[in-house]
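K.L.:
Sequence:
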Amino acid sequence: MSKAITALFLLLFGVSLFGLSDAQLVKRADKELLGKTKSDIFRAYNDYKNLYLRAVMNQNEALKIKALRGIVKSGEKLHIDVSTYKRELIECTPKKYCKPKPKLNKPSKEIKKVKLKATNKLRRIYWREGRLVLRFSHRIRNYQVNYFKLYNAKKDEYKYIFDIEASMLTRSQSLVKPGIESIKLAQYKPNILRLVIKNNSVVRVRFKIDKNELVINAKPTRKYLAKRSLKKTKNSKISKSKKELYTKSKIIVIDAGHGGKDPGASGYRGYREKRVVLGIAKYLREYLKKRGYKVYMTRSGDYFIRLRDRTRFANKKRADLFISIHANASKNKKAKGIETYFLSPSRSSRAKRVAAMENKVDIEDMNYYAKQSFLSFLNNHKIIASNKLAIDLQQGILLELHKHYKGVVDAGVREGPFWVLVGAQMPAVLIEVGFITNPFEAKHLVSKRYQQHLAKGIADGVERYFIKNR
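Residue 273 is where the sequence shown starts when you use the numbering used here, and the numbers rise one by one after that.
Warning: the hint list may mix true and false statements.
[As the list claims (entries may be wrong)] With a cut-off of at most 20 Å between alpha-carbon atoms, the simulated PhoX-like pairs for lysine-lysine come out as follows: (1) 740 / 522; (2) 608 / 675; (3) 421 / 461; (4) 480 / 393.
[Claimed, not checked] Cβ-Cβ distance ranges computed for the label pairs, FRET-style: (5) 458 / 575: 10 to 20 Å; (6) 303 / 359: 21 to 31 Å; (7) 333 / 446: 32 to 42 Å; (8) 720 / 296: 18 to 28 Å; (9) 677 / 588: 33 to 43 Å.
No lab work stands behind these hints: they were computed from the structure.
Think of the CB as a built atom: it goes at the ideal place given N, C-alpha and C, for glycine as much as any other residue.
Start from the sequences and build out the full structure, keeping to the hints where you can.
P.N.:
Structure (structure tokens):
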């Protein structure tokens, strides 16, 4: 069934997008790139991206290189981050004129091994009852996990390391657990995923392998004590001024879900999703403005906006981030948790259920989005950036709420086919701030104090994302 749907997507996509020949589209894009206005260059950028998609689907390497060069040139003129395309261009560009080096023989052997081994992929990372869970696409065997410890006496630093035979979508991720200095996950080698737990005191680490899950229980023996920086005063003033200049250049669009004729979910005691999320969005706007960001809202009152117009608004404002805020709902009143989604053709039944609920009002837009969603799914760079943003926002929210409230549940970062995120030309996420149908969470969600803490957590996550991705 999924293959048939993919084939249909390709057919629909090909008929509309490929009206022009390769040569005609290249000629048009090259001409637009020489234009004097930003709109000309932006049209060129989109044409080059369309050429790139065509090249990928037709496996046309020469066209792919032309398209990548165009994306990089036009993207740099528009101040769009095209670093991923740059790297791909370097990898694609023929290297036959370079002098061969004898050292290159070793990596080629490793690459052959990787093709055989790196079949298992990391699907999800989340916290479950205080334990870190890594879920993979296939069953994990004991021999595929190598666990060891390191101690640096000079730094008085403990490291607990897991090397796992697998690969992941993003390059690196940072996780947060109170009492532990840092938890980092990265692709150490093409076929080895490395998780490092670092602390300045002993951590009791236990783990078990349960089918396709690696479950890690890490308990610090004492709270992590942050090391005081010796360089303050002048340096702190300089870094603060640099930060202010940096944040002033960033534009963020906040989207309060639903509104007007679309009330969203109706929950405990008749609480309405559209009112709750608007309150959180307004607090978030204030926090971000105070930190120097330029902020726009898709709606600041109780009125309806079509899904396609929300991302269109963000694109028009040339936003750096798009954050859509929603509240979850379920027939099961015990369902709870905060989760953050990024756009991807998810296979998860939970993601599909949530997406169906959020998408239902603008169901007529699906024909319009058929092509747009396919474009977005193929834009690997945007998926990766959105995944990173989702992780940082989820961490920011949890860190802030755990300081003030008990019983806050981390439902994780997930992929989901949300129409409101389709078409966004910047990293875009959808936050489900909790279940409005759960009595415990609903009481929190309508509380102004809770909304303020939640908004602060999102703002902290935004800061963390920009610091990591400068």
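K.L.:
Look at each hint and say if it fits the structure.
P.N.:
Do the hints match the structure? See the list:
1. 740 / 522: The hint holds at about 14 Å.
2. 608 / 675: 19 Å, holds
3. 421 / 461: 19 Å, holds
4. 480 / 393: Roughly 18 Å separates the two Cα atoms, so the pair holds.
5. 458 / 575: 10 to 20 Å: 44 Å, violated
6. 303 / 359: 21 to 31 Å: 27 Å, holds
7. 333 / 446: 32 to 42 Å: Distance hint for residue 333, residue 446 holds at roughly 36 Å.
8. 720 / 296: 18 to 28 Å: Violated, at about 57 Å.
9. 677 / 588: 33 to 43 Å: Check passed, 37 Å falls within 33 to 43 Å.
Violated hints for the displayed structure, listed by number in ascending order: 5 and 8.
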